[in-house]
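Using the sequences provided together with the hints, build the complete structure.
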Amino acid sequence: MTFKGDLKALILAVLADGDLHGYEILKQIRQRSGQVFKFGESKLYPALHGLELDGFIAAEWIEQEGKPDRKVYHLTPTGQGKLEEHRATWAEFSAGVARLFGPTEAR
Amino acid sequence: MKHTLSSYLEDLEARLPLLTEPQRVEIIAEYRAHITAEITAGTPEHEVLRKFGKPAKVAHQFYTTYGVYEWFRKWQFATLAFMAILAVGMNWYAFGNPAKVLNGSIPPVWLWNLSYFVIGPMGYWWFTYRCRSQRVIPMLITFFVLLLGFAMTNLPMANASNGAANVNFALLPKTTEEAMSLSAVSTPLEQLAKAAANAADSTQFAKLLSSTQQAVVDQQRYLRFDRTGSGTFLIPMTESVPAKINGATVNFMAVRFAFTDNSKTALAAWKRRARDIDSLVSQTRPSVIEFTTGLRSYTIWYLLSRSASWVLAGQYFGFVAGVGLLASQLPPRRNRRRSRTSSA
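Chains as they are written, first to last, in this note's numbering: chain U, 73 to 179; chain B, 138 to 481.
Hints should not be assumed to be uniformly reliable.
[As the list claims (entries may be wrong)] Pairs of lysine-lysine, DSS-like flavour, derived with a Cα cap of 27 Å:
no., chain 1, residue 1, chain 2, residue 2
1, U, 99, B, 188
2, B, 191, U, 80
3, B, 188, U, 110
4, B, 191, U, 115
5, B, 139, U, 110
6, U, 99, U, 110
7, U, 139, B, 191
8, B, 191, U, 99
9, B, 188, U, 80
10, U, 139, B, 188
11, B, 194, U, 80
12, U, 115, B, 139
13, U, 99, B, 194
14, U, 139, B, 139
15, B, 139, U, 80
No wet-lab data here; the hints were simulated from the structure.
Written out as C-alpha cells, the structure is:
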C-alpha cells in the first residue's frame, strides 16, 4: 500500500522552519523524509507558484555575488493556518491508520 | 535534442503557457538558479537537465497553475461537447436540418460554422498537447482554419461579376429554382428573381423592378447599389414569416447582381428608388449590417433575421477572440530586460 504525498503540504511544512529557495526546499523534503519523497524538479516550481498564487507563501528575490539571484520563499499567516489544517488532517488520518494497523491488543 | 543550460531555458521559456512576461522571466530565473546550484554542487549539467525532464514536460506542469488552456485540457470533452452542441444548435436553428447539407439541399454553411466552434479549438489542442510542437505551428494552423471559415462564410457574397447580369444566390439557395421555391416569396419577387437571372441588360431588369416596386416595398424587400453600379437585392425575412427552402427554414437570402449597361440615368433613377426603399425599410427594419471585405470594392449587405444575426455575431466574436488568443500565444521576445520585482 502506498500513500500519495501532497507536495504542497510538504512544502508548507519545510517552510515552517525557515525561508528557503526552491533547490533547498527540494533537498529538505528529501532529507527530512529520509528519501521517502523524491519529487521531480519539474513538479516543484509549479507547486510553489500555485501556493504563491493562493497566498499561502510569499517570496522575494535575493541577489547573490557571482551567482544567479535566488527567489526565497516564506510562509504567510494564511499559509501557517493552512499548514495547521494539514497537520490536523494528517494527525487524524494517521491515528486512524495506526489504530487499524496496530497490534490487536492495543485496540 | 541535446540541450545546454541556456538552450534548455530558452526552449522552456518558449513553451511556458499563457504567462505574462515578468512571470516567464521569473520562472526561468528560478530554474537557472536551481540548475546552477546543482551544477555547483557537483552534478553534471546534462544530468541535472535530464532530471528536470524535457522542456515540454516541465512547461506542461505550469498549465495547472497558469494556463487558460489547462481548464480546456482538464475539461476538454465537456468543452468540445458544449461547443459542438452550441454550434449544432445555432446552425440548426438558423439554417435547418443538417441532413439538408448532406443531400445538397442547402450549401454547407453548417460546416463553415463548425470550423469556428470545433475545428479551431480541437486543432489547437491536438497540435499543442498531442504533437507537443512549437506553438507557432498550431497557431498558424488555427489561424488559417479561422481565416478559411471566415472567408468561406463571407466572400461568396462578393462574387458578383460585372459581366452579364448575374444572380448569385451565394448564401443559401443554390439555383434560381431553389430561390423561387421560397414559400414566403410572392409573385412579384418570383418575377424579379427570374428576370434578374435571365435579364439581358439592366433595362429589362429596371422595367420589371419598376412594375413591382410597390409590392417590393410592401413586403420589405430591399435594393442597394454600390459604387460599381452593381447591387444587392436583399430579402429580409421577418421572424413571423420564415422562408422555406425544400421544407427547411431559411432566415435570410441575398441576390446579387451586376449590370451590363451602367446607364447613369437609369442608375440615378434606381438609386432614388433605392433611397426611398431604404428610408422606408430603415424605419421598420434597422438590422442591416454593412460589411466591406477590403479585398474587392464590393459592399456586402446582410439583412438577417435575429437567429442568423446570432450566428454571424458568434462568427465574428470567434474570429476576433481566436486571433486575440493566438496573438497572446506568441513566443516571448528574446533579449528583453529582466524584471526583478518581488511577487510576494
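Here is what the structure says about each hint:
{"no.": "1", "hint": "U:99 x B:188", "result": "holds (14 Å)"}
{"no.": "2", "hint": "B:191 x U:80", "result": "holds (23 Å)"}
{"no.": "3", "hint": "B:188 x U:110", "result": "holds (11 Å)"}
{"no.": "4", "hint": "B:191 x U:115", "result": "holds (13 Å)"}
{"no.": "5", "hint": "B:139 x U:110", "result": "holds (25 Å)"}
{"no.": "6", "hint": "U:99 x U:110", "result": "holds (9 Å)"}
{"no.": "7", "hint": "U:139 x B:191", "result": "holds (24 Å)"}
{"no.": "8", "hint": "B:191 x U:99", "result": "holds (21 Å)"}
{"no.": "9", "hint": "B:188 x U:80", "result": "holds (20 Å)"}
{"no.": "10", "hint": "U:139 x B:188", "result": "holds (21 Å)"}
{"no.": "11", "hint": "B:194 x U:80", "result": "holds (19 Å)"}
{"no.": "12", "hint": "U:115 x B:139", "result": "holds (22 Å)"}
{"no.": "13", "hint": "U:99 x B:194", "result": "holds (22 Å)"}
{"no.": "14", "hint": "U:139 x B:139", "result": "holds (24 Å)"}
{"no.": "15", "hint": "B:139 x U:80", "result": "violated (32 Å)"}
Violated hints amount to a single one, hint 15; each of the other numbered hints is respected by the structure.
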